[in-house]
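J.: Residue strings, one per chain:
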Amino acid sequence: MAEPLLRIEGLHYRYPQAAAEALAGVSLDVGAGEVVVVAGRSGSGKTSLLRACCGLVPHYHGGDVEGQVEIAGLDAREHGPAELGGWVGFVAQDPESQVVSTTVRAELELPLEIRGERAAARARAVEEVALALAMPHLLDRTTDSLSGGELQRVALAAALVLRPRLILLDEPTSQLDPVAGDELIWLLRRLNEEWGMAVLLAEHRIERCLAHADRVIAMEDGGIAFDGEPEDYLEWAMACDQALATPAAKLFDLAGLRPLPRGVKAARAALSACDIDFEGQTPSLPQAPELSRSGGLTPKGLTPRRLTPRRRDPGALQARNLWVALDGRDVLHGLDLAIDRGERVALMGRNGAGKSTLLRTAAGMVSPLRGQFEAPGGVALLPQSPGDVLLHERVGDELPGAAGAAALARVGLEHARERDSRDLSGGERQRLALAVVAAGRQGSSLPGLICLDEPTRGMDQARKDELAAWTLELAERGSAVVVATHDVELAAAFADRVVLLGDGTVIADGHPDDILSGGWYFATEVARILGVPGAVTPLQGAAIIEQRRAVYPAPGSVAG
Amino acid sequence: MRPALAYRHVPGPLGDGGALAAGCYCAALASVALVSSDPILLAAAAAAVVVAGHLAGAGRALVVALRWGAGLGVILIVVNGLTSQRGDTVLVHGIVLPLLGNVDISAEALAEGGVLAARLAIVMVAFAVHAASVDPDRVMRLLRPLAARSALTATLIARMVPLAARDYARLGEAAALRGPLAAPAGRAVIARRLVAGSLDRAIDVAATLELRGYGSGVPRSAERARRSRHDGALLLAALGIAAVGFGTQLAGLGSFDAYPRLSMDAGLATIGAALLLPLAAALPFAAARILEMRRG
Chain E
3 MAEPLLRIEG LHYRYPQAAA EALAGVSLDV GAGEVVVVAG RSGSGKTSLL RACCGLVPHY
63 HGGDVEGQVE IAGLDAREHG PAELGGWVGF VAQDPESQVV STTVRAELEL PLEIRGERAA
123 ARARAVEEVA LALAMPHLLD RTTDSLSGGE LQRVALAAAL VLRPRLILLD EPTSQLDPVA
183 GDELIWLLRR LNEEWGMAVL LAEHRIERCL AHADRVIAME DGGIAFDGEP EDYLEWAMAC
243 DQALATPAAK LFDLAGLRPL PRGVKAARAA LSACDIDFEG QTPSLPQAPE LSRSGGLTPK
303 GLTPRRLTPR RRDPGALQAR NLWVALDGRD VLHGLDLAID RGERVALMGR NGAGKSTLLR
363 TAAGMVSPLR GQFEAPGGVA LLPQSPGDVL LHERVGDELP GAAGAAALAR VGLEHARERD
423 SRDLSGGERQ RLALAVVAAG RQGSSLPGLI CLDEPTRGMD QARKDELAAW TLELAERGSA
483 VVVATHDVEL AAAFADRVVL LGDGTVIADG HPDDILSGGW YFATEVARIL GVPGAVTPLQ
543 GAAIIEQRRA VYPAPGSVAG
Chain Y
174 MRPALAYRHV PGPLGDGGAL AAGCYCAALA SVALVSSDPI LLAAAAAAVV VAGHLAGAGR
234 ALVVALRWGA GLGVILIVVN GLTSQRGDTV LVHGIVLPLL GNVDISAEAL AEGGVLAARL
294 AIVMVAFAVH AASVDPDRVM RLLRPLAARS ALTATLIARM VPLAARDYAR LGEAAALRGP
354 LAAPAGRAVI ARRLVAGSLD RAIDVAATLE LRGYGSGVPR SAERARRSRH DGALLLAALG
414 IAAVGFGTQL AGLGSFDAYP RLSMDAGLAT IGAALLLPLA AALPFAAARI LEMRRG
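Chains as they are written, first to last, in my numbering: chain E, 3 to 562; chain Y, 174 to 469.
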């Protein structure tokens, strides 16, 4: 058997001054040309594992390390990241911290220049990597003029310019919109197929990359809880941690179908093989009461959505013929939108469609050029990074006095007054940030409109479930909740209304079942598999499949 | 919004010139203020840096540097006026101040403070023009083989400045979102939060530099940087400016004495030398323009 490209034996690692081990007895081999997806909840050790694979752990971060890491036969404890750079490249989450030069060309030349490559060799390597990543047009751009997706591509190119044999990516799509994220994953697959480069990819949105994986590793408490093929991984996830499973796997599991599919294509093929085909048919979706009655369809984490009754009075937001310009460019073009209290609205649309601008206008941060705008119950806007709102160390210092205590109590954080806000969990920090932006906006109650701008960046599925439950709670307490998001699965999970923006106007507005099942881009994985109007969640999809099987029982079905 | 002192590529001698030549040009402009205290020569040097900044497309950097220079200049004039108890022309007599006691303020002391302020402002503006117009990547490439650690630090700082500016804008915006009953978020609180965040950022950027190969010892320079067609004119201008600055000193021109009474050399030779400074500063830009016109 060929020598593995990466070999880790019994690796234990503890960050300086940390109480617990970040990596606890990890053993792992990665062969040349393998695509390995690393799954796991936040804090499970994915990032530490990747950092150990490129020598940043322990050379850069310090700490206590035991065990062995070898990359192409080089001991990572003896050779630092700079020496290993010829064999292994690393791309981290935040694209902004991964570029160090002024222009893209200089950024790509830097590793070669430091290693003493001649100008001709540098020029050729830069040209080749730019062509491979379809970015020659970016070469002479300054790095501060690039979008997040372009910056991430430049960071990948800089990691690849030395032609390493293994590339490590730590949630590279977490800061990207879905189009840029999908493009990056396809790019990795192409690099793997054409250059034979091994890929070790840590990712929360497993459904995005599972179809391209040769193997999946699941991390838990710093150790490897699972290591195997994607289909086996899905079985493991459904049995052990459903937050790590894909919507397609949940759909098949609910419908009692096996094997669990690694992606849309495999799912469609499997359904077709068992004669479950919805081509040309528009079966009716069972109503919510039927779903709740079918006891087998409500496993852990898949509770059916509750529809909040729409109350017309008083409204949370009224925008009529709203025009907003930024930097001399019209962003909102005569937008009309009314949102009632108690509604849970997913605000969707491509980058630049006007989602954030609408929320910022609602919060009074941008003045409209024209049109009418009313939010009688007050508006609280939570920015993309809730931590930006938290400026004091002690939770109680953020919200002083009796009014502050009451504000903390409203978000269930009255017990945390003496704690450091950095010690709170991600969900608690989000709630604290809401308490800070909402404090005093509407007397002693919550504001009429609560807006969250891209709240799920870098969140694992468990946190997203927590967020969905929280939005439901806020809506039940009378606030309208508007979430600007690219995440169609989240929208399907929490919203009772989806508003789709395009070029600063509303291009679609309706129930998630309608909006998220009728297209390619703004469609959930289940909708893309079944192609049935109204089926967007695994629960709905499974009900449709059961209904279809009841009407047309298929001989020799693969159903389990 | 981009920070005023952040580099922005503008085609032209400073934007496209070599780091060495562009550095010499800006250093020469600053050197006049460092070696001379004659108001006429300083006025000419100030005109020269303004000409250079304007022609290099660094107008915002010029304005910001001048604003900072003016602020510091006022402080210098006031401090010098209060602390230097020399000069025959007493404007204010016998002010009693804590720590300083009984002080006089003379016109000469204020004038000396003004000259110091002008010298400082010219140096600041020259460096602001350099920061805004000369590609830092080229400067790092020049420095890397000479001083690896300094280049590493400079690269880190060069990257951190725009990141910190962006973070500050984001934090300011988030502070504006705070509810009326939340604890107020003053500049000091935001600045403290920014510093804490910047340290995390710096760690990430430094890790990236480590991965790019900075940790592998002294970087090797494969060959000299490519020369630019503007280098000749820039170096010639730098030589001319430095010659005026140092030459006038060697020749005893441009003398200035603040005490006991103001005296300065306002001879024709000094004025003629001073006029050469803005002309020399404009030379690389004029040469580039002439070449373009000939081609066009």
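Any given hint might turn out to be false.
[As the list claims (entries may be wrong)] A few chain E residues that don't get close to chain Y, going by computed Cβ distances all over 12 Å:
#, residue
1, Gly118
2, Asp179
3, Leu393
4, Leu401
5, Gly512
6, His513
[Unchecked claim] Chain E side only, calculated, beta carbon under 10 Å to chain Y, not exhaustive:
#, residue
7, Asp96
8, Trp325
9, Glu400
Quick caveat, the hints were computed from the structure, so don't treat them as lab data.
Using N, Cα and C, we set each Cβ at its ideal position, and we do this for glycine too.
J.: Which hint numbers does the structure go against, in order from smallest to largest?
T.: 1, 3, 4, 8
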